[in-house]
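Undergrad: Each chain, written out:
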Amino acid sequence: MGLTLLYLSLIVLLPLSATFLKAATGGWAHFWQTVTAPRAMASYRLSVGASLIGASVNGAMGLVVAWVLVRYRFPGKRLLDALVDLPFALPTAVAGMTLTTLLSVNGWIGRWLKPLGVQAAFSPLGVVIALTFIGLPFVVRTVQPVLQGLDPEFEEAAASLGAGRWQTFSRVLLPELWPALLTGVALAFARAIGEYGSVVFISGNMPMHTEITPLLIITKLEQYDYAGATAIGVVMLVISFALLLLLNWLQRWSGQRHA
Amino acid sequence: MPEAAILRERPEPAAVRRMLIASTLLFLALFLVVPVVAVFAEALRKGWGGYVAALRDPDALAAIRLTLLTAAIAVPLNLVFGIVAAWAIAKFEFPGKQVLMTLIDLPFSVSPVVAGLIYVLLFGLQGWLGPWLMDHRIKIMFAVPGILLATIFVTFPFVARELIPLMQAQGTEDEEAARVLGAGGWQMFWRVTLPNIKWGLLYGVILCNARAMGEFGAVSVVSGHIRGRTTTIPLHVEILYNEYHAAAAFAVASLLALLALVTLAAKTVVEWKARQSLEPWHEH
Amino acid sequence: MSIDVRHVTKVFGDFAALKDVSLTVPAGELVALLGPSGSGKTTLLRVIAGLEIPDQGTILFDGQDAAARSARDRRIGFVFQHYALFRHMTVFENVAFGLRVKPRHERPSASEIAKRVHELLALVQLERLAARYPSQLSGGQRQRVALARALAVQPKVLLLDEPFGALDAKVRQELRRWLRRLHDDIGITSVFVTHDQDEALEVADRVVILHEGRVEQEGSPEEVYEHPATPFVYRFLGNVNLFHGRVEGSQVHLGEFSMEAPAELGKETIPAVAYARPHLLDIDHHPPSGRPHFRATIARINAAGATVKIELTTEGGAVVNVEIPHERYRALKVRKGAAVFVSVKDMKVFTQAHSTSGGGI
Numbered sequence: 001m002g003l004t005l006l007y008l009s010l011i012v013l014l015p016l017s018a019t020f021l022k023a024a025t026g027g028w029a030h031f032w033q034t035v036t037a038p039r040a041m042a043s044y045r046l047s048v049g050a051s052l053i054g055a056s057v058n059g060a061m062g063l064v065v066a067w068v069l070v071r072y073r074f075p076g077k078r079l080l081d082a083l084v085d086l087p088f089a090l091p092t093a094v095a096g097m098t099l100t101t102l103l104s105v106n107g108w109i110g111r112w113l114k115p116l117g118v119q120a121a122f123s124p125l126g127v128v129i130a131l132t133f134i135g136l137p138f139v140v141r142t143v144q145p146v147l148q149g150l151d152p153e154f155e156e157a158a159a160s161l162g163a164g165r166w167q168t169f170s171r172v173l174l175p176e177l178w179p180a181l182l183t184g185v186a187l188a189f190a191r192a193i194g195e196y197g198s199v200v201f202i203s204g205n206m207p208m209h210t211e212i213t214p215l216l217i218i219t220k221l222e223q224y225d226y227a228g229a230t231a232i233g234v235v236m237l238v239i240s241f242a243l244l245l246l247l248n249w250l251q252r253w254s255g256q257r258h259a
Numbered sequence: 260m261p262e263a264a265i266l267r268e269r270p271e272p273a274a275v276r277r278m279l280i281a282s283t284l285l286f287l288a289l290f291l292v293v294p295v296v297a298v299f300a301e302a303l304r305k306g307w308g309g310y311v312a313a314l315r316d317p318d319a320l321a322a323i324r325l326t327l328l329t330a331a332i333a334v335p336l337n338l339v340f341g342i343v344a345a346w347a348i349a350k351f352e353f354p355g356k357q358v359l360m361t362l363i364d365l366p367f368s369v370s371p372v373v374a375g376l377i378y379v380l381l382f383g384l385q386g387w388l389g390p391w392l393m394d395h396r397i398k399i400m401f402a403v404p405g406i407l408l409a410t411i412f413v414t415f416p417f418v419a420r421e422l423i424p425l426m427q428a429q430g431t432e433d434e435e436a437a438r439v440l441g442a443g444g445w446q447m448f449w450r451v452t453l454p455n456i457k458w459g460l461l462y463g464v465i466l467c468n469a470r471a472m473g474e475f476g477a478v479s480v481v482s483g484h485i486r487g488r489t490t491t492i493p494l495h496v497e498i499l500y501n502e503y504h505a506a507a508a509f510a511v512a513s514l515l516a517l518l519a520l521v522t523l524a525a526k527t528v529v530e531w532k533a534r535q536s537l538e539p540w541h542e543h
Numbered sequence: 544m545s546i547d548v549r550h551v552t553k554v555f556g557d558f559a560a561l562k563d564v565s566l567t568v569p570a571g572e573l574v575a576l577l578g579p580s581g582s583g584k585t586t587l588l589r590v591i592a593g594l595e596i597p598d599q600g601t602i603l604f605d606g607q608d609a610a611a612r613s614a615r616d617r618r619i620g621f622v623f624q625h626y627a628l629f630r631h632m633t634v635f636e637n638v639a640f641g642l643r644v645k646p647r648h649e650r651p652s653a654s655e656i657a658k659r660v661h662e663l664l665a666l667v668q669l670e671r672l673a674a675r676y677p678s679q680l681s682g683g684q685r686q687r688v689a690l691a692r693a694l695a696v697q698p699k700v701l702l703l704d705e706p707f708g709a710l711d712a713k714v715r716q717e718l719r720r721w722l723r724r725l726h727d728d729i730g731i732t733s734v735f736v737t738h739d740q741d742e743a744l745e746v747a748d749r750v751v752i753l754h755e756g757r758v759e760q761e762g763s764p765e766e767v768y769e770h771p772a773t774p775f776v777y778r779f780l781g782n783v784n785l786f787h788g789r790v791e792g793s794q795v796h797l798g799e800f801s802m803e804a805p806a807e808l809g810k811e812t813i814p815a816v817a818y819a820r821p822h823l824l825d826i827d828h829h830p831p832s833g834r835p836h837f838r839a840t841i842a843r844i845n846a847a848g849a850t851v852k853i854e855l856t857t858e859g860g861a862v863v864n865v866e867i868p869h870e871r872y873r874a875l876k877v878r879k880g881a882a883v884f885v886s887v888k889d890m891k892v893f894t895q896a897h898s899t900s901g902g903g904i
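If you read the sequences in order, they're chains V, S and F. Its first residue numbered 1, the first sequence is counted upward by one per residue in the numbering used here. Its first residue numbered 260, the second sequence is counted upward by one per residue in the numbering used here. Its first residue numbered 544, the third sequence is counted upward by one per residue in the numbering used here.
Honestly, I wouldn't trust all of these hints.
Derived DSS-like pairs (lysine-lysine); straight-line CA-CA distance at most 27 Å [claimed, not checked]:
#	chain 1	residue 1	chain 2	residue 2
1	S	Lys305	V	Lys114
2	S	Lys457	S	Lys356
3	S	Lys350	S	Lys532
4	F	Lys658	F	Lys699
5	S	Lys356	V	Lys77
6	S	Lys526	V	Lys77
7	F	Lys888	F	Lys852
8	F	Lys876	F	Lys852
9	F	Lys713	F	Lys888
These are calculated hints, taken from the structure and not from any lab test.
Using the sequences and the hints given, assemble the complete structure.
TA: Next up, the structure:
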């Protein structure tokens, strides 16, 4: 016990308190100014906005993927099922590089988008795509076990009462899956907000346009603006804590419903 | 769980099924399969010779060495910590347990850049301990120790998170039985607890290792990017890419891609084995 | 609506759950499918419901083939063993479900639905709980909601899968009687599955006993209990004593004693097994005349209960269980260790080919 706490304090708590204290040394006014500067606000909008879109796409597609993997059989299913964890296992830098190469105008996918007038690399769209990639496993892996463990009796009961497949899905199954789905989306969102490696290559990092918040921190560090970097870091930490609380609450909610 | 007959005999209409499968295949192909293939295709753009040359480059080799060293230190440390923490949480009740669990989850939920930032603030020249370290000529930031610390931070939840639900599900019965039969603390751990968790442990170690070798954000902040001295494989890859040596970058990156595929394969094997041995295994 | 099961076979992998099963459920009757686990009773119920498709055979509802219709279209009400109540819906919403998912042109208005739901909840005596969630109800209450839900769509047939299996004994008994009264009120054709023979014998109009995928016997509760057709039925319905022996000529020799062999058994010498229920055996200090009897020693006496249960050991070492009324026990004044005579009031002898009853009263 004591050992664990000691290890934890050294590795986590000490550095964490340093962050907050450092942010405080600049004074409240300075802190507020840094945190609300136009460039910072633009980065929040991009980071939060793109993360939300990515998480939502994963919410919808993740549900479909989980359903297909659990309910249907087709060649290559096992392989694809194992591959779903790829964004989890692949280092972010490699992902970022690869996505950029694929989506740039000469890339395998980018060249199809060019005639459509869509610019994927070095644009907010690229950021959204990268964040969708990063969050892919989260929804699928939270929904899958719930779907698998669902008692077939619910569907049988609904069918015996005259419900069609869509009615059974929307009225009986979906409500059962909501907590897991929302948890997965929240997890994907949390991951996307803080994501650096996979985004920094594809975004082009243009301030006010395609600069994500973590990059803003690094830029400030390189300029030795420690206080500024810390201020933005605090904002990110606050968001992380809020998300952690939300996730905790979500888990308790889903545990409650099935007393 | 046997498939429900109603799903076997009268599922949703074939057209709907086909559409769902098709969209899944398209989505997964675009987002997963194509990138994997692309890594290797780009890596071999300069042919097999170019591939090998990129890997033999002295800076690349230094990066590989540093990555391996980092993993060799971070993983065992976090393994031990993970076991201890999971054991304490699963088998005992104590005040502050919930706090401990949240703290363990912390590195998982903060951005890697913020994690790196935290260490800079602590150990950097202008940081808390900066002056003290300077006086004692200990270099942590922009040197290997900094990289080690940052990596340990971001990877320490992995083993613990795998083991905690597993050990909680197993309960304390086995250990109590062993104790009643006269086993001492260490014996109990080695002969009873450890075999019960071996598959979860293995999986946690595999994940921990993958993250330790592939960590980019946090290490990027603390390393100083000194080529040949403080670049890990991911950082080296970034340098090469930014200098337009794309093929070489992908060549080195392919090592990590291979590692990722091995990780996925290992996961499948571990899950299969755990199911076989009827060990309680929480779903993924 | 009557149900006709014709030569139904259902196989799961290499396990044959139902082997050429045929039976008829007349309209308006309450029929029990009784049997041990693995006997196929639940599978048969699910085949009737359309939740399983038989590999061979057909189901007819009122003479019409039901195979073309899916579970959705068969107009059956199904009550699951674990209720399968929709957890995120209130009691009201659960019961209203079947009415709300009807196709547009058939769907009643919201006020009609509400009226019907409240009627049903009154029928099952759960009106005050309409706004509760299933997790807030007891097992017995959930079961009644499941019943109300099944009845809401006015099915022609009611099917219940071990409806009281998950409840404790007292609640089971109450609900059992309540179900019988309900059936008498509504008169709907009902089939329920159970492994509890007391339940089947007490509630049903007719009992169908299943064993290893086949119908062992079909009949009223009295019929199957008093005149079991096979050894399995005899053993399954109540306690029994076994005596092994053989038929020889006109006698059945059962180790300790012999008796007149019923004529149907024939004259060959073949092995036989005789079954006697504990309450059809008696104890006396002296050998009774006119009845087969044998010696035995009292090993245990259990006088707690409606009857006195006595366990005896025969001279050959076999164990025999006898049940006698309290008055008789008091009159006999026997104790553990006493040597007495056991006499047989009635007994059934089964051979491979025949089964019949023998002994005297």
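Undergrad: Just pull the numbers of the violated hints for me, sorted ascending.
TA: Numbers 5, 9, in rising order.
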